[in-house]
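S.K.: The residues making up each chain are set out below.
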Amino acid sequence: MAVKYKAAGDISLLIEFENEISEKVNAKVRNLYLAIEKNCLVGVEEVIPTYRSLLINYNPLEVKGTTLIEKLKDIESRLEEMDIPKQKVVEIPTLYGGEFGPDLQFVADYNKMSAENVIKIHSQGKYLIYMLGFTPGFPYLGGMSERIATPRLNNPRIRITAGSVGIAGTQTGIYPIESPGGWRLIGRTPIKLFNPDRHPYFLLQSGDYLQFTAINETEYNLINEQVDKNQFQVNTTLL
Amino acid sequence: MDAVKIIEPGPLTTIQDTGRKGYQRYGMPVAGAMDLFSYRVANLLAGNDDNAAALEFTLQGPKMEFLHNAVIAITGAETIPIIDNKPAPLWQTIFVKKGSVLSFNGIKSGLRGYVAIRGGVEVPNVLESGSTYLRANIGGIEGRKLTSKDIIPMGDSIEGYPGNPQPYILPKDFIPRFNDTEEIRVILGPQEDLFKKESIKTFLNSEYTVTTQSDRMGYRLEGPTIRHKESPDIISDGIPLGGIQVPGHGQPIIMLADRQTTGGYTKIATVISTDLNKIAQLAPGKKIKFKSVTLEEAHDALRIQESIVNSIEKLPEAPSSKKILKLKISGEEFLVTIEPID
Numbered sequence: 001m002a003v004k005y006k007a008a009g010d011i012s013l014l015i016e017f018e019n020e021i022s023e024k025v026n027a028k029v030r031n032l033y034l035a036i037e038k039n040c041l042v043g044v045e046e047v048i049p050t051y052r053s054l055l056i057n058y059n060p061l062e063v064k065g066t067t068l069i070e071k072l073k074d075i076e077s078r079l080e081e082m083d084i085p086k087q088k089v090v091e092i093p094t095l096y097g098g099e100f101g102p103d104l105q106f107v108a109d110y111n112k113m114s115a116e117n118v119i120k121i122h123s124q125g126k127y128l129i130y131m132l133g134f135t136p137g138f139p140y141l142g143g144m145s146e147r148i149a150t151p152r153l154n155n156p157r158i159r160i161t162a163g164s165v166g167i168a169g170t171q172t173g174i175y176p177i178e179s180p181g182g183w184r185l186i187g188r189t190p191i192k193l194f195n196p197d198r199h200p201y202f203l204l205q206s207g208d209y210l211q212f213t214a215i216n217e218t219e220y221n222l223i224n225e226q227v228d229k230n231q232f233q234v235n236t237t238l239l
Numbered sequence: 001m002d003a004v005k006i007i008e009p010g011p012l013t014t015i016q017d018t019g020r021k022g023y024q025r026y027g028m029p030v031a032g033a034m035d036l037f038s039y040r041v042a043n044l045l046a047g048n049d050d051n052a053a054a055l056e057f058t059l060q061g062p063k064m065e066f067l068h069n070a071v072i073a074i075t076g077a078e079t080i081p082i083i084d085n086k087p088a089p090l091w092q093t094i095f096v097k098k099g100s101v102l103s104f105n106g107i108k109s110g111l112r113g114y115v116a117i118r119g120g121v122e123v124p125n126v127l128e129s130g131s132t133y134l135r136a137n138i139g140g141i142e143g144r145k146l147t148s149k150d151i152i153p154m155g156d157s158i159e160g161y162p163g164n165p166q167p168y169i170l171p172k173d174f175i176p177r178f179n180d181t182e183e184i185r186v187i188l189g190p191q192e193d194l195f196k197k198e199s200i201k202t203f204l205n206s207e208y209t210v211t212t213q214s215d216r217m218g219y220r221l222e223g224p225t226i227r228h229k230e231s232p233d234i235i236s237d238g239i240p241l242g243g244i245q246v247p248g249h250g251q252p253i254i255m256l257a258d259r260q261t262t263g264g265y266t267k268i269a270t271v272i273s274t275d276l277n278k279i280a281q282l283a284p285g286k287k288i289k290f291k292s293v294t295l296e297e298a299h300d301a302l303r304i305q306e307s308i309v310n311s312i313e314k315l316p317e318a319p320s321s322k323k324i325l326k327l328k329i330s331g332e333e334f335l336v337t338i339e340p341i342d
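Chains as they are written, first to last, in this note's numbering: chain A, 1 to 239; chain B, 1 to 342.
By construction, these hints were calculated from the structure, which means they are not laboratory data. Predicted, not measured: the structure shown is a model, and the values here were computed from it. Every residue, glycine too, gets a C-beta built ideally from N, C-alpha and C. Where hints are given, some of them may not hold.
Far from chain A, some chain B residues (derived; all Cβ distances over 10 Å) [to be verified]: (1) K21; (2) A136; (3) I138; (4) K172; (5) P190; (6) D237; (7) G238; (8) G242; (9) Q260; (10) T261; (11) H299.
Some, not all, of what chain A presents toward chain B, calculated at C-beta under 10 Å [to be verified]: (12) I56; (13) K64; (14) A149; (15) P151; (16) F232.
To give an idea of the chain B side of the interface with chain A (calculated C-beta under 10 Å), a few residues [stated by the list, open to error]: (17) L12; (18) V123; (19) V126; (20) L127; (21) P240; (22) I272; (23) A298; (24) A301; (25) R303; (26) I308; (27) I312.
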């Protein structure tokens, strides 16, 4: 299927791939995103990769829209020849249950299994980070097992602590900053997905993978202390 | 360090610059001044670069005391600024003495005003920007709107002003006028093909009213219902500045400075960048008529606006008795300085 180039106003361009959420389509988005970044096109100010499209913000005083489209099409046609880095798997240590995951037992009861099994299934998966959006650093993750799928809360919580790990339907995710929300909370990570006092400010990149690893309270406190001192390094491996 | 003391902040006064660019891929909204034209002009008239942090107020200007001599400029909404009980001009350089108090007597037209101060507001940058983003409590002063008794630290002000200070005045023709009904130019898309054809006509031929549920994040409008061919939802994608989302209820929402970076509602059209400044000045109850234009027309409008902004930097430093006029002779435009001869 042909890639679509569309104007999104006079300072943005939309590049669309197939109309579906799939790892295959998202990989095309990631590859094109990395290739555009590498080519440093004149006038391109920002590239926002999502499930199946890229939004390009540009300065029309620096580059004509038609010229930019030609250059982007050229990059897209040469993607195969380009050296695209491998995807990373980022480990997110998570303390499941208790006050940190008040809905863990509900998720277990709803799916007729033990809380231990929910933890096991949840921390087994490698989740593709399809995109980041909604709040600063929030990852849209794919690939959670249907076996632990649980509907959202009827009454969303007004305040959810940053780092909370939740489930909504067949989705799972992490709240990067304190916010309201209706997801079932099963745990919490001491890792900050967004920290303006750290480089890089954002821990995750779209196109990479994320894996939860279960930790106990002692480990949680230890990591938390290191995070506060900006000393904690997350484990990453290449896929 | 030079500083300004806030006596009364007004309902919503924040520190803004051109915004937090480059982090939308991580889900970080841009924020920044809503009316970028007025904001940039204020800075240039105050002798700053056009991206220095300045005050943006909504509905009512702040009352503030200058703790040092200062060079300032006030732009944006048509307000009545008062400095030490005397009316002060808009859209020009103003020299303010230490201890002076600036206040505002309401707004005649428009909604948002800008106070730029020579030297710029000195706030710690968060992700390379001083802009306040209220929803994540970052930028500006502790990520919040200003309150009374806030002391706003400034960069070097009048002491650093080069030479004998002379006011810059923006020629009258360049001063934007804010109306009760604004024609807003849009480029259709990126998802106009998901709407019924007659609904595109409805969108372009009707008046939409700005509702009270409008803020720096987005303007919710009310008017004739716009219908989708099938679903109002798409797979979430990036939201451009000025993107007009239409959820299932068929009423448009214009996404502005504080918009979230991604969303799943279909976008019928996108407001062109120059006309976002007009939207920023529309209070609830005001009306919008959308007009579809081409990309070329939008870029022409942008170039004209840019030439106005650039012309400010080139204005001569004139004594206060001088007037700068823009004249048109046989279709050609001239900037002319008129001054009395002794």
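S.K.: With a cut-off of 10 Å, does the beta carbon of K64(A) approach a beta carbon of chain B closely enough for the hint to hold?
M.R.: holds, 8 Å
S.K.: Test the statement that G242(B) is away from the interface with chain A: the closest C-beta pair must be farther apart than 10 Å.
M.R.: violated, 5 Å
S.K.: For the hint on R303(B), does the least C-beta distance to chain A fall short of 10 Å?
M.R.: The hint holds - R303(B) has a Cβ within 10 Å of chain A, the shortest such distance being about 7 Å.
S.K.: Let me know if the C-beta of A298(B) comes in closer than 10 Å to any C-beta of chain A, holds or violated.
M.R.: holds, 4 Å
S.K.: Using Cβ atoms and 10 Å as the threshold, tell me whether I138(B) really stays out of contact range of chain A.
M.R.: The assertion about I138(B) is violated, with a minimum of 6 Å to chain A.
S.K.: With chain B as the partner, please determine if F232(A) meets the hint condition of a C-beta pair closer than 10 Å.
M.R.: violated, 19 Å
S.K.: For A136(B), which was marked as not at the interface, is the minimum beta-carbon distance to chain A over 10 Å?
M.R.: Non-interface label on A136(B) violated, nearest chain A Cβ at 6 Å vs cutoff 10 Å.
S.K.: Minimum C-beta separation from Q260(B) to chain A exceeding 10 Å: can you confirm that?
M.R.: It is violated; Q260(B) is separated from chain A by about 6 Å at its closest Cβ, not greater than 10 Å.
S.K.: Since T261(B) was said not to touch the interface, does its Cβ keep a gap of more than 10 Å from each Cβ of chain A?
M.R.: About 5 Å separates T261(B) from the closest Cβ of chain A, which leaves it inside 10 Å; violated.
S.K.: Does K172(B) clear chain A by more than 10 Å, comparing its Cβ with all Cβ atoms of that chain?
M.R.: holds, 25 Å
S.K.: For D237(B), is the shortest CB-to-CB distance to chain A above 10 Å, so the non-interface label stands?
M.R.: Answer for D237(B): violated, closest chain A Cβ roughly 5 Å.
S.K.: Taking 10 Å as the limit, does the beta-carbon of P240(B) come near enough to a beta-carbon in chain A?
M.R.: Holds, because the Cβ-Cβ distance from P240(B) to chain A comes to roughly 4 Å (cut-off 10 Å).
Checked against the numbered hints listed earlier, the structure breaks hints 1, 2, 3, 5, 6, 7, 8, 9, 10, 11, 14, 15, 16, 17, 18, 26 and 27; every other hint is satisfied.
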